[in-house]
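Asks: When we follow the numbering used here, the leftmost residue of the sequence shown carries the number 407, and every step to the right adds one.
Hints listed in this document are in silico derivations from the structure and should not be mistaken for laboratory results. There could be a bad hint or two in this list.
The calculated BS3-like cross-link candidates involving lysine-lysine, where the alpha carbons are at most 27 Å apart (straight line), are [claimed, not checked]:
1. LYS487 x LYS428
2. LYS445 x LYS504
3. LYS475 x LYS504
For clarity, every value in this text was computed on a predicted model and none was experimentally measured.
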Amino acid sequence: DRALERGVNFLDTAEMYSVPAKAETFGATETIIGNWFAKRPGVRDKLVVATKVAGPARGMPWIRGEVSKAGIIEACEGSLKRLQTDVIDLYYLHRWDKQVPIEESVGALGDLVREGKIRSVGLSEVSATTLRKAHTEHPIAALQTEYSLWTRNPEIAVLDACCELGTTFVAFSPVARGFLPGTLRDVSGFDAKDIRRSMPRFAPAVKVDNTRRFGATVVLEGDTFDDARTHGLQLARERHLTLVHPYDDLA
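Produce the entire structure from the sequences given, and follow the hints as far as they go.
Replies: Here it is, written out as structure tokens:
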């Protein structure tokens, strides 16, 4: 309710959530959102809803073995039911299953568009080459990949491909998985299944060195987007960082 009051109109979830992922909470976030929609008639139509079909994942044996066409269709039906909606605005392939050609997976998603069950197709964490291949099968509306002041890989080729194809780039972890706001003091307190435990950048000794290198990081204390943007631009200037590809379709 608070997000809606503040003008938020985009909800991004996934069948795999919540995080850390567990078999017993598979689809739980979609269920929560669906129950919220059911209690508030008319709210669903005010929002853009995105969710994702999960693929094979290490340490998550309860997720389907492969992202086949049948698996994608089954996953979509499950998400529609949990979200208590007739259509999903943006449906992502959460992880590309490389055992299945990307054209085949995207073809199945395109079929769902034609059937009116989803409105647009998205991909997550694929290369520029894979994005172009996928786009030949069905237009890719959005590509979601990690992007922040210290994870800038998309600038190599992905942003160019998105600009070329008219694909909106959706950045996840824009504050570097909690590092950049400057409030992450003790990494030893991470949950046992917190994915950051496996990331070298958050190893205790490395984290201390990263903090020293970045200096006083920006804390997003501002109460508005403009405040946050001002702080972010200031930090970028201090670190001699610029957005290499000025790009309207960057979320």
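Asks: All the hints need checking, so say for each whether the structure fits it.
Replies: So, going through the hints one by one against the coordinates:
1. LYS487 x LYS428: Status holds; Cα separation ~20 Å.
2. LYS445 x LYS504: violated, 40 Å
3. LYS475 x LYS504: holds, 14 Å
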